[in-house]
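With UniProt numbering as the guide, the letters of the sequence shown map in order to residues 1 to 606.
It is worth saying that the hints were derived from the structure and are not from the lab.
Remember, predicted model here, so these are calculated numbers, not experimental data.
Heads up, the beta-carbon is just placed ideally off N, CA and C, and yes, glycines get one too.
You can trust all of the hints, since none of them are fake.
Here are the computed distance ranges between Cβ atoms for each label pair:
1. Asn13 / Thr321: 46 to 54 Å
2. Lys493 / Thr321: 28 to 36 Å
3. Ser155 / His544: 40 to 48 Å
4. Lys508 / Val285: 53 to 61 Å
5. Lys493 / Glu141: 21 to 29 Å
6. Lys493 / Arg148: 21 to 29 Å
7. Leu183 / Arg148: 15 to 23 Å
8. Leu71 / Asp49: 23 to 31 Å
9. Arg148 / Thr89: 26 to 34 Å
As a list, the in silico DSSO-like pairs of lysine-lysine whose alpha-carbon atoms are at most 27 Å apart:
10. Lys577 / Lys167
11. Lys581 / Lys106
12. Lys22 / Lys38
13. Lys22 / Lys129
14. Lys506 / Lys557
15. Lys546 / Lys519
16. Lys508 / Lys557
17. Lys474 / Lys577
18. Lys304 / Lys349
19. Lys347 / Lys370
20. Lys349 / Lys153
21. Lys349 / Lys308
22. Lys546 / Lys518
23. Lys347 / Lys153
24. Lys363 / Lys156
25. Lys85 / Lys129
26. Lys378 / Lys367
27. Lys304 / Lys581
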Amino acid sequence: MDKITIPDLNGTNYFIWELKMKAALSLKRLAPLILEEKPEDLTRKNEMDWITKNSDAIAYIKLSLADEQALQFAAEDNAKVLWDKIRATYMGEGEDRKIDAGNELKNIRMKNGETVADYIARARGISTKCHSLGLDVSPRELVYHTVRGLNGKFSKVRDILKTQRGKSMDEILQILREEEATLNLPIKTRMDGINEAFYCKRKNEKQTRLCYICRKSNHLAKDCYYRNKNSPSTSQRNNSSRNGHVFTASHREEKPCDNIWILDSGASCHMAKEPVWFKNISPEVMDIYLADKNSKMMSQGTGKVSAKTVSTKHCNSINLTITDVSYVPQLRCNLLSVTCLMDKGCKIKSENNCVLIYDKNDKLITKAFKNNGRLEIKLEPMYNSECFISDQSTNNYEIWHNRLCHLNCKYMLKMKDYIDIDNANNFTCETCDISKVTRKTHHSIDIYQSSQILDLLHADLCGPINIESHGGAKYFMVIVDDFSGMYFTYFLKNKYEVFDIFSQFKAKYENLTDKRIKKIRTDNGLEFVNEQLDTYLANSGIFHEKTIPYNSESNGKAERANRVLLERARSLLYESKLPLKFWAEAINCSTQVSNVTPRKGKEKSH
1 MDKITIPDLN
11 GTNYFIWELK
21 MKAALSLKRL
31 APLILEEKPE
41 DLTRKNEMDW
51 ITKNSDAIAY
61 IKLSLADEQA
71 LQFAAEDNAK
81 VLWDKIRATY
91 MGEGEDRKID
101 AGNELKNIRM
111 KNGETVADYI
121 ARARGISTKC
131 HSLGLDVSPR
141 ELVYHTVRGL
151 NGKFSKVRDI
161 LKTQRGKSMD
171 EILQILREEE
181 ATLNLPIKTR
191 MDGINEAFYC
201 KRKNEKQTRL
211 CYICRKSNHL
221 AKDCYYRNKN
231 SPSTSQRNNS
241 SRNGHVFTAS
251 HREEKPCDNI
261 WILDSGASCH
271 MAKEPVWFKN
281 ISPEVMDIYL
291 ADKNSKMMSQ
301 GTGKVSAKTV
311 STKHCNSINL
321 TITDVSYVPQ
331 LRCNLLSVTC
341 LMDKGCKIKS
351 ENNCVLIYDK
361 NDKLITKAFK
371 NNGRLEIKLE
381 PMYNSECFIS
391 DQSTNNYEIW
401 HNRLCHLNCK
411 YMLKMKDYID
421 IDNANNFTCE
431 TCDISKVTRK
441 THHSIDIYQS
451 SQILDLLHAD
461 LCGPINIESH
471 GGAKYFMVIV
481 DDFSGMYFTY
491 FLKNKYEVFD
501 IFSQFKAKYE
511 NLTDKRIKKI
521 RTDNGLEFVN
531 EQLDTYLANS
541 GIFHEKTIPY
551 NSESNGKAER
561 ANRVLLERAR
571 SLLYESKLPL
581 KFWAEAINCS
591 TQVSNVTPRK
601 GKEKSH
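Based on the sequences and whatever the hints tell you, model everything.
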């Protein structure tokens, strides 16, 4: 190594300066000079060697000090004394240093322009600093604070990672790198590659060009059957609205209207001139006053507009939900109120001959382009006739897929006798790709250990979950009946409620079925392995099977139940854009659906 570079100590970088200075002094065989006092019984030759090395160590240290710090320690001529004084100056009291380091980790935030690799390295550096000060930081704690500190552009992945407690720092880094690579792609290719961040690849990637009329591949819009027949487009399965609304049939003929919305800074509310934009309209007659003296129009009601932006070479189509829109039939054009957008937290920015509209997370929603002195936005309604006369089987498949908590395609087809669906032709669900990130399953062995219900139960506790539910729960407990495959889910505020939950479960279902619980299999968690529960099981004649320590696979049915419920709940929350505080409701819904639909190990629905 020809050159050693040490950053100048400037008062704010002591930790990294100390780390690199120690390494440099060790490389020059001078580290003992800052760790040990001068030996007393030295020969003259050895004393001269010590003086030379001491001078070299002092020179190395002082040359790495900023001007102010160099003047402060200029008088010191002993390497150890100099080192100790610098350390005492910038490290402070031990307890205070621990508090500062802990707060630094808790308050870590990703900086604008900072790469994922740099951010993770900074978080790990703070963790190392905490360990050096005697402050224990668990791997989970490091992951938690790091994920929480991600900035707005990673908000989607951040919310998902918060619910995946088993991820290591290396796995987090890999996922974030994939997401960062996706975000850095050109806008026009970003949506095509969104699933690659989670290791999913679609088949027939070369056929990604879709007809913008019927949303099918293998042909262009100019050759589309529906265009040539002057028919509306079929279901837009891959661009369905993220708010989860279900379309209802309408026998009304749509009136011709253009799809232009004008961005108006003078409008007091959003206004649409055609009912085709609304799913439903709440009757509310009110006057709309115009700038012209004594001029007014009549609003026939208000409602919610669901529309999508028109895809261009610069940005992909985005589904929008616009609330509190007035229905004004007398309007000549649709108006989008700047004031209402700003009240909702949107940001309006001017750029060249267009205006950019961002949401509260600084994500670009759409652009308004200047045309004939007006700022125009082209939108397409989601509730027009093309939705109502679309391919019913395609529409129904996606609707039922969402209703059944994003059930696997294979098991949906097993339910064709109960629900009106057809084969899913290359159907892909973005929500499933993002929310169901799992490793390869273990090899299963078909060993049936029960001959009737309640012969064998599997139980597991999941939590604590970082965000409390509306009822204050931080855990959920799942009990699986081995024979029927039924799931029973309970929500707990703390793990010590397990005994009460199980005793109530036993009393209820033994009474309902006139059968007795014979075995229960759990892991070795203290919520299941304790004197109170052991005594209760022994007195009830129930054999308690405990799994192999640190081997979750041996409690496979309960662990799979946890995974199934968490994945489906995560999909529901992501699809509906509900806050994570609704996790208990999502898991409860997933439990009910799982009990009436097929799944692995339970091929028939009840």
